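If you want the building blocks of each chain, they are given just below.
2 protein chains.
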Amino acid sequence: MPLTLEQLNAASPAEALALLDGLYEHSPWIAEQALAQRPFRSLAHLKHALAQVVRTAELDAQLALIRAHPELAGKAMVANSLTAESTNEQNKAGLTQCTPEEFERIQQLNAAYNERFGFPFILAVRGPRGTGLPKQEIIDTFARRLDNHPEFELAEALRNIHRIAEIRLGDKFDYVPELGNLTWDAHEELARYSDPGFAEKGQLTVTYLTEAHRECAERIRFWMEASCGFDEVNIDAVGNVVGRYHGKEPTAKYLMTGSHYDTVRNGGKYDGRLGILVPMACVRELHRAGKRLPFGIEVVAFAEEEGQRYKATFLGSGALIGHFNPAWLDQKDADGITMRAAMHNAGLCIDDIATLQRDPAQYLGFIEVHIEQGPVLNELDLPLGVVTSINGGVRYLCEMIGTASHAGTTPMDRRRDAAVAVAELALYVEQRAAKDGDSVGTIGLLNVPSGSINVVPGRCLFSLDLRAPTDAQRDAMVTDVLDELARIAQRRGLRYTIEESMRAAAAPSAPALQRHWERAVDALGLPVFRMPSGAGHDAMKLHAIMPQAMLFVRGQNSGISHNPLESTTHNDMQLAVDAFTQVLHQLAQETQP
Amino acid sequence: MPLTLEQLNAASPAEALALLDGLYEHSPWIAEQALAQRPFRSLAHLKHALAQVVRTAELDAQLALIRAHPELAGKAMVANSLTAESTNEQNKAGLTQCTPEEFERIQQLNAAYNERFGFPFILAVRGPRGTGLPKQEIIDTFARRLDNHPEFELAEALRNIHRIAEIRLGDKFDYVPELGNLTWDAHEELARYSDPGFAEKGQLTVTYLTEAHRECAERIRFWMEASCGFDEVNIDAVGNVVGRYHGKEPTAKYLMTGSHYDTVRNGGKYDGRLGILVPMACVRELHRAGKRLPFGIEVVAFAEEEGQRYKATFLGSGALIGHFNPAWLDQKDADGITMRAAMHNAGLCIDDIATLQRDPAQYLGFIEVHIEQGPVLNELDLPLGVVTSINGGVRYLCEMIGTASHAGTTPMDRRRDAAVAVAELALYVEQRAAKDGDSVGTIGLLNVPSGSINVVPGRCLFSLDLRAPTDAQRDAMVTDVLDELARIAQRRGLRYTIEESMRAAAAPSAPALQRHWERAVDALGLPVFRMPSGAGHDAMKLHAIMPQAMLFVRGQNSGISHNPLESTTHNDMQLAVDAFTQVLHQLAQETQP
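First to last, the sequence lines map onto chains A and B.
Sequential numbering of the first sequence, starting at 3, is according to our numbering.
Sequential numbering of the second sequence, starting at 3, is according to our numbering.
Looking at chain A on its own, in the form it has when it is part of the complex:
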């Protein structure tokens, strides 16, 4: 008989502890402390309470928890389970069929890992879908994590322990995240399409209007029509796939949502696509239940956001606000194919682009789900975050110019060292951005061109990337940084050049829509965590004509993105679907005629 939350909430402390037995390896103190938080409103609530106990524990207790796990042991794993997960999991991961070479490799990794970190390697081998990681991926992950910083790896070990506990909880409660699984699997299916040159290497690359790109569009259109029950589906003049699920009344307004299906080169499977597939799962459920809302839902799979094939970022969402730049049509890709030719070849009608512009009066607003693409939720053990604003940003390409001179013969007080001046600025940028709390400032490019070990740098090339949740906050930071740059150059007797290469306005969330996301997250039993979005998103474009607000979903692997290691779990996807559904319910109540 599977466990229920009601049972757990009603049980005596000792009974409850027994019910949760075995979640965390030889560490009943975790469940014991978490149970003090009863009653739990949801499984997500319980998981969060458990993770919080570990988060706030002493380092010694955390280490003891990690060390309570046996080593990854290759052949021996059948008897002496890697993480004490079921033998079933081990079988799924294929770890019981190690070749002698694989076995030896794992032994080497174990030794190196233990020497470096002083605790055993822990990996939730059932993986983000709960069905088991391939053997090679386990070995690759092991090797990769060896390079982590010890502090980070300790946190990563604890996160894997939480994931193991989450999977065990699912087993205990017989909880299957059906829509999370559906959504997760749809990402896998979409990821089968990849551009030539990348597909062969198993890399995911889908750029504007390539064959893989058009296959993705077709696949999304097919799902919208055949699986999800959208009433109208079409591919528009720029390649966006637009599905409409009608409201109760033909005159009803629409809630627009969606994200992009193109990817960067060798990118991740979830960036953009999560924001298409999550609302599609919600519409599917509405359709299955035969349910109509007082508003329609328009899900747009944007054809282009990343600007990879052509320098035309946000082309898909931009077209909906009238921002399509006809000059783009003459841009050529790396093979000399113009955008015009690519669109023609894809059967798109360039003349119709202008008609794509939306009338805001017909919309409630725009909401977007997106994988975080950052480390915050992952580090805080939070599956969801509510976006307060898409940061405004400015980028500069700069050069500091001093005087190259002999490193031995030029006294310290007679130098015009371009690199040290940039170093001074780098530290200032770090402090200045940190002072705001939610601003970020980065010197990503840094190079002394033709530098020599024994030459005082005469030139230093560097970049500045400054972002903040509001334009005013960003501009105040920019002013301070540029003032400091001028002061440093003046004081050190240097000159510099600076060229603005990008400027994007901040897009603060519409308060009403943001509150809907907050209420949705709270309704799932999760703490409401508010955060700015450091990266740009399609919502930034729609922001120009309608209210918008976004929901972030935790990424695994420190939130890495634009990288094949980008990952998120079926459980977190389920929570995203649940939160989206909550927002739909809230809006339905609000817009009841």
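A couple of the hints might just be wrong.
Stated by the list, open to error - Negatives, chain B to chain A, calculated, CB over 12 Å:
| # | residue |
| --- | --- |
| 1 | E34 |
| 2 | R216 |
| 3 | D419 |
| 4 | A436 |
| 5 | T481 |
| 6 | L484 |
| 7 | G527 |
| 8 | G536 |
Claimed, not checked - Using C-beta positions, here's what the derived DEER-type ranges look like:
| # | chain 1 | residue 1 | chain 2 | residue 2 | range |
| --- | --- | --- | --- | --- | --- |
| 9 | A | N268 | B | A113 | 50 to 58 Å |
| 10 | B | G309 | A | R342 | 56 to 64 Å |
| 11 | B | D332 | A | D332 | 58 to 66 Å |
| 12 | A | A336 | B | G439 | 54 to 62 Å |
| 13 | A | A66 | B | R497 | 20 to 28 Å |
What the hints assert, rightly or not - Derived contacts from chain B toward chain A, CB cut-off under 8 Å, selection only:
| # | residue |
| --- | --- |
| 14 | R397 |
| 15 | E401 |
| 16 | R416 |
Since the hints were made in silico from the structure, they are not lab data.
Values in this document were obtained by computation on a predicted structure and should not be read as measured data.
The beta-carbon is built from N, C-alpha and C at its ideal position, and this holds for glycine as well.
Starting from the structure of chain A, add chain B where the hints point.
Leaving out everything else, chain B in the frame of chain A:
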């Protein structure tokens, strides 16, 4: 009738001022103040006094002095002299025969220069030899100086004004630096020999045992024998040209001196060679006067110091202390020619190398004259500097390793930014080296590999070059820097690699020999300025077996070296010859039997 110092020293203030009229453009206050320092012991003393008045004047007075000069005016220069130097000078510089294009270029440069600095461009067009600069060099210098920092360019303008005054003083006193001219011209003649690939471009490159290198050796041998009257001259087994001028007695000890005649690629004309040609001029004078000293003089033109063709720096001076490494013989140059083959081809007898090792008992010690290769003397308006020590140095190649992450989505407190950590170290190195006063510390290589404007740097490659006049001082600095590196990495959660690529012991000057240089400089009426040598020199090798001390000669153009702009004047060379001669006299008195 030319003016004499006696006249000037004896004149009334008003008379004296009249005698110095016209040295500095419309600025009698300079001579007036300088005259308070009478009596002058030498022309060098007088020039130094004049320069000191300008150095210590208010900025406004300095600017007024500069602005008292007319613009460089191309065609108009005959009537309206560039620096009010004689029309004769203008003619020598060819500025009276400007093409319309050159005239226009000069007008453009004048406008740009005036806009940037707010004062007219001033150049001592008679140049470092006093005979006039080529027109193209004037225009190139004008263009190059446009890029200078305003503070630096102001100082450069004042230095040119001092050089103009020096030339005018020479005219007034009918003073011709005969041995300075001789030495200056010998550098020009030697610079005619250059390796293929460089010679065609007018660049100076003389690497070990090339044809140009052997021609240089032959030319030096010829001069030693035919012009200077050395008693024995030979080219030894590694290609050093060794000239011996006997002492009074056959049993007399020798004073060894010299420097290297090879160059870096596209190098300067004076680096090394000045230390050969200055003592050659002194021996020439002894020979002409039929004078023998109580000790012999051994001038060695070292064949190899720069390690350009083969990785075997200080090969020439090293051979004299038994440091020739036989493994070098199998090294190949870029064309695959082994050092053994190159030596064989040059007719050198490899078997004799071991016999080159000197017996210190037969020597008084080693002294070396060298162009400073740094900005110190140039900035201080001092022609000569006495070296206290050749700095000991250590070099490291390092990599800081953090975590690359999204510049927008990674909050400031969750970054592991490798570049900011190196920035922190760079500022520490700067402060730490400055604290010692005469230590230097440099991060010459600095690069975020594959950096992106929107990615937090995950890696940063950098170098460390740390030098100090004593090994103990250097080692204390190294310890502090490496400790700080470890602290920064620890605090920021980063790791790093570090690899030592060079370590050279310091070579403090022998106090007695250093005092000889000091007394010589003082005897010339110049202030004694002591300084460490930041660069390595042949004296460093001889240091291992005998006392050594060096004299530095001011370099023009901020002391730039390893560069075609390396330059020094005939006047400064004359002072070097005079100082060397003084040392010979002092040693002669000391070693009188």
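Checked hints:
| no. | hint | result |
| --- | --- | --- |
| 1 | E34 | 31 Å, holds |
| 2 | R216 | 29 Å, holds |
| 3 | D419 | 7 Å, violated |
| 4 | A436 | 4 Å, violated |
| 5 | T481 | 18 Å, holds |
| 6 | L484 | 16 Å, holds |
| 7 | G527 | 25 Å, holds |
| 8 | G536 | 3 Å, violated |
| 9 | A:N268 <-> B:A113: 50 to 58 Å | 52 Å, holds |
| 10 | B:G309 <-> A:R342: 56 to 64 Å | 58 Å, holds |
| 11 | B:D332 <-> A:D332: 58 to 66 Å | 60 Å, holds |
| 12 | A:A336 <-> B:G439: 54 to 62 Å | 56 Å, holds |
| 13 | A:A66 <-> B:R497: 20 to 28 Å | 25 Å, holds |
| 14 | R397 | 6 Å, holds |
| 15 | E401 | 13 Å, violated |
| 16 | R416 | 5 Å, holds |
When each numbered hint is compared with the structure, violations occur for hints 3, 4, 8 and 15.
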